[in-house]
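Colleague: If you read the protein sequences in the order shown, they are chains A and B.
Read in the working numbering, the first sequence has 80 at position 80, and its numbers run on one by one without any break.
For the working numbering, add 116 to where a residue sits in the second sequence, where the first one is 1.
Derived from the structure by calculation, the hints contain no laboratory data.
Among the clues, some could well be false.
[What the hints assert, rightly or not] Think about it this way: if two alpha-carbon atoms lie no more than 16 Å apart in a straight line, the pair counts; the simulated EDC-like pairs of lysine to aspartate or glutamate are:
#1 B/K210 / A/E104
#2 A/K42 / B/E172
#3 B/K158 / A/E3
#4 B/K184 / B/E172
#5 A/K42 / B/E118
[Claimed, not checked] Footprint (simulated), chain B over chain A, 3 or more residues, beta carbon under 8 Å:
#6 66-79
#7 105-115
Heads up, the beta-carbon is just placed ideally off N, CA and C, and yes, glycines get one too.
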Amino acid sequence: EPEVTQTPSHQVTQMGQEVILRCVPISNHLYFYWYRQILGQKVEFLVSFYNNEISEKSEIFDDQFSVERPDGSNFTLKIRSTKLEDSAMYFCASRPLQGARYNEQFFGPGTRLTVL
Amino acid sequence: GENVEQHPSTLSVQEGDSAVIKCTYSDSASNYFPWYKQELGKRPQLIIDIRSNVGEKKDQRIAVTLNKTAKHFSLHITETQPEDSAVYFCAAAKTSYDKVIFGPGTSLSVIP
Chain A
1 EPEVTQTPSH
11 QVTQMGQEVI
21 LRCVPISNHL
31 YFYWYRQILG
41 QKVEFLVSFY
51 NNEISEKSEI
61 FDDQFSVERP
71 DGSNFTLKIR
81 STKLEDSAMY
91 FCASRPLQGA
101 RYNEQFFGPG
111 TRLTVL
Chain B
117 GENVEQHPST
127 LSVQEGDSAV
137 IKCTYSDSAS
147 NYFPWYKQEL
157 GKRPQLIIDI
167 RSNVGEKKDQ
177 RIAVTLNKTA
187 KHFSLHITET
197 QPEDSAVYFC
207 AAAKTSYDKV
217 IFGPGTSLSV
227 IP
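Could you put the whole structure together from the sequences, leaning on the hints where they help?
Modeller: As structure tokens, this is what we get:
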């Protein structure tokens, strides 16, 4: 079964540095999402993306965050100047436009971001 | 915005017993309610979902009920097995393509 993939699996960075988290959604999916999960807490919505633009973003997704779909396969989340509180697991998800499982957001394995 | 509450935060049951997790939501515009299972260090995986035009849905040992008037929904797992041990998240969304708002999670332990 096709899966969403994410790289790297673990990223360690210094506070103030820029990071780019990469996701490859399932190939025929058209809706893309980023979520984050601080250790031991619930999964929180960051941003949704459809038709090459942001559909919705949360309060967490401030000017330090951006998303991009640079080509037909990758979907990236950039944090311009990382803060300690950005340390979390970041999940990418994608969803098909139609089909038997069009309801379902398929989650990637996550990237654990550690900001020192 | 939407707020999803979930109880209990931890649940321990004997193998073979049933487990029930209850959730409430705040936004009456929510119409889609997925449930996710997350094993330690792994991604959330959808196990069942229900839409607001349905009161109950069952898939083998898992069932969900929805009371839209009271804004309550519940997950029922029967004949629990050790491999059911995980964190379970209820969630709500306006539609199935909108952002998903997760509850805080229930850590289920099934004791052999």
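Colleague: All hints, please: hold or fail.
Modeller: Okay, the hints, checked on the actual structure:
The hinted pair formed by B/K210 and A/E104 meets the criterion: a straight-line CA distance of about 14 Å does not exceed 16 Å. A threshold of 16 Å between alpha carbons decides the hint, and for A/K42 with B/E172 the separation of about 25 Å lies outside it, so the pair is violated. Restraint check for B/K158 and A/E3: satisfied, since their Cα atoms lie roughly 13 Å apart, inside the 16 Å limit. The suggested pairing of B/K184 with B/E172 holds, with an alpha-carbon distance near 11 Å, which does not exceed 16 Å.
At roughly 14 Å between alpha-carbon atoms, A/K42 and B/E118 fall within 16 Å of each other, so this suggested pair holds. Only residues whose beta carbon comes within less than 8 Å of a beta carbon in chain B count, and the stretch 66-79 of chain A has 0; fewer than three means the coverage is violated. Figure legend: the stretch 105-115 of chain A, annotated as covered by chain B; annotation consistent (5 residues with Cβ-Cβ distances under 8 Å, at least 3 required).
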